[in-house]
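Below are the chains, spelled out letter by letter.
Protein chains: 2
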Amino acid sequence: MIDFNIEAKSSETRARAGNLITAHGSIETPVFMPVGTAGTVKAVTPEELHKCRAQIILSNTYHLYLRPGMEVIRQFSGLHSFMNWDGPILTDSGGFQIFSLAKISKTTQQGFDFQSHIDGSRHLITPEDAVEIQTTLGADIIMCLDSCIPYPADEKTAIDALKLTTRWAGRCKTKWGQLSDQKNALFGIVQGGMFKHLRAQSAEELINLNFPGYALGGLSVGEPKELMFEMADHCLPLLPDEKPKYVMGVGTPEDLVELVSLGADMFDCVMPTRNARNGQLFTAHGNININNAGFKYDTDPVDPGCGCYTCLKYSRAYLHHLYRCRELLAYRLNTIHNLYYYLQLMRAMRKAIFADKFNDFKKSFYRKRSMN
Amino acid sequence: MIDFNIEAKSSETRARAGNLITAHGSIETPVFMPVGTAGTVKAVTPEELHKCRAQIILSNTYHLYLRPGMEVIRQFSGLHSFMNWDGPILTDSGGFQIFSLAKISKTTQQGFDFQSHIDGSRHLITPEDAVEIQTTLGADIIMCLDSCIPYPADEKTAIDALKLTTRWAGRCKTKWGQLSDQKNALFGIVQGGMFKHLRAQSAEELINLNFPGYALGGLSVGEPKELMFEMADHCLPLLPDEKPKYVMGVGTPEDLVELVSLGADMFDCVMPTRNARNGQLFTAHGNININNAGFKYDTDPVDPGCGCYTCLKYSRAYLHHLYRCRELLAYRLNTIHNLYYYLQLMRAMRKAIFADKFNDFKKSFYRKRSMN
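Sequences listed follow chains A and B, in order. If you count by my numbering, then the first sequence holds residues 1 to 372, one letter each, in order. If you count by my numbering, then the second sequence holds residues 1 to 372, one letter each, in order.
Please keep in mind that the hints were generated in silico from the structure rather than gathered at the bench. One should not assume that every hint holds.
Identical copies go unnamed one by one, so any copy, or any two together, can satisfy a pair.
Stated by the list, open to error - Below, computed lysine-lysine pairings styled on DSBU-like, alpha-carbon distance capped at 30 Å:
1) K51 - K313
2) K296 - K183
3) K313 - K183
Just need the whole structure built from these sequences, with the hints factored in.
The following block contains the structure:
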């Protein structure tokens with residue numbers, strides 16, 4: 001189980017700073033979770049994650065279930081030992097990946113009948129399976145199996161997915177309650193498309209099931225940014241303040257700042273890691289693409305104010321060279337920088353919440369970010 | 001300049017252990033030099049190289065000359081600062097890469113007229129250029145521009161290449177003598193194809209030029225293994241014992257053991273790093289391919305007796321999983337293991353030389369290596 005305590009609240013916004021205690025250590029919120037899809041945060045080691053001050057990572061159930069498979073994970077008594085990460089882990093339910101990667105043969109009341117994107121093999125995942133698989137993975141926080149919809153989607157589609165999500169949430173909760181060893185915590189996922197009344201209905205139905213934490217799913221799926229914020233602004237206050245609130249799959253540094261000010265506590269996104277591999281680096285003064293010819297002779301670090309390994313040891317010119325040569329080290333050094341940037345941004349927000357100066361922080365953040 | 005001292009000699013073989021002092025630190029020989037082609041030993045950082053106990057790395061002049069180019073290197077006052085490696089560096093002359101990668105338009109008395117394999121741009125490299133470029137790179141040990149020949153090659157071809165190599169060696173020596181700041185040492189490269197009398201002639205002509213060290217070039221270019229050993233056995237005793245003897249571009253662990261016993265002091269090869277990226281891992285008990293299905297559930301490290309980061313922290317099953325997923329971390333962890341293996345093999349040989357038990361060492365080495 002987890003324990004969540006609010007330590008400070010912003011008086012100007014809905015931002016809050018808290019402490020989330022899990023079986024593998026405590027987490028300071030608001031928190032960003034680097035994504036380790038296949039049992040590795042791409043290009044970095046657990047030691048490097050610690051040095052980037054990662055507190056918790058996210059891993060993808062769908063990917064791990066298919067490869068290496070649960071037999072292998074059982075050999076290691078879970079993902080922690082398999083991948084050599086001793087901190088907290090959150091796993092998603094697999095629902096979103098089945099929706100976005102696999103070929104779904106059938107979605108029934110029973111669960112998802114799908115084909116692997118790797119080898120085409122056929123699998124059925126029920127809500128009970130999702131809980132069992134995540135428990136086998138040994139994740140500290142596990143997610144209910146939910147039904148995702150594309151954007152845009154009509155109301156009928158959103159209602160059907162919402163109903164299924166609620167029903168599956170109930171089954172997940174029951175299964176989780178039956179598992180003797182509840183070291184983990186199960187979060188419910190609010191769906192409802194871009195319909196406020198459906199979002200409210202989803203939140204209410206999940207709250208009735210009383211989960212240790214709640215997530216907003218189905219955001220950042222292609223809708224306009226304004227709409228995403230509108231939905232988050234609408235939903236986050238509907239969730240109980242004493243529980244952690246997690247906005248799934250978001251986002252840019254600006255998104256995180258906005259969503260924290262709206263009351264979100266937890267985030268995950270492939271953006272810092274994926275963009276690193278594409279040469280895009282985040283800095284306090286805006287984003288840069290290290291591939292740009294302008295960096296060829298540049299002896300400065302990516303961000304002179306940054307304390308990450310990459311900035312302490314290497315120049316833009318060297319990173320530019322590595323990237324142009326498609327050297328493996330390029331992806332690692334870029335990833336380390338981007339993760340460090342995201343994680344220090346979260347710490348800076350937390351500090352601003354404690355000082356109750358979140359609006360000042362926001363102003364300064366936007367001013368600097370638009371300087372480049 | 002360098003200083004070389006023999007510290008111990010094997011009474012049973014021609015193996016010797018020495019100390020090679022360079023501007024960036026001293027090196028215990030026999031030594032293996034990891035290859036950092038483009039200003040990075042692929043997939044690892046300088047800190048990881050130190051942890052693998054690398055003492056000196058090799059970098060490729062041809063690659064660095066083309067990319068990032070000498071203007072960039074000058075900005076950083078050399079390769080050490082550009083790539084953040086503070087230990088000794090040896091650079092090759094570029095001759096072998098021009099021979100093997102570039103499209104040579106013309107080889108004249110003047111030098112190589114060639115086209116870049118990257119963008120087709122045309123370049124002329126003279127022996128004087130090779131010395132100047134390597135000096136700009138700031139390498140501790142630099143190599144004479146030599147003329148390589150394919151295997152097999154007839155005597156006429158070998159004679160022509162030998163003559164050119166000797167003449168160019170003289171020009172390199174002169175240029176090196178003219179450069180005011182001789183912090184580096186220039187090595188001559190023995191050529192002569194697979195003809196013993198030509199090899200002897202090449203060695204003699206180079207010795208007359210009195211270099212701080214000597215290398216055997218043009219080996220491991222496709223000839224049968226026996227012939228390679230025969231040539232090394234013939235050539236190594238012809239070189240002055242008080243100077244370091246370097247066999248270029250070799251080889252397997254077995255090759256290194258054989259060549260050390262024949263009196264070689266220095267080696268470089270892409271084998272540990274390249275094979276790592278192809279999933280082949282070296283161990284005391286033979287080589288394994290981590291891609292093999294047999295490793296899927298294997299909770300043991302690659303080599304239970306190995307002290308490298310990879311073996312201390314990860315299982316074969318995890319490495320197998322990472323490799324199957326083509327995860328970036330796979331290449332790094334495999335590389336760390338293979339480099340550690342090669343470098344500890346060199347230390348073990350050195351120890352055996354000091355104990356004057358090289359033949360015992362060899363027997364035990366071969367017995368274990370053939371166990372898998």
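Check: Hint by hint, which ones does this structure get wrong, listed from lowest number up?
Finding: No numbers; nothing is violated.
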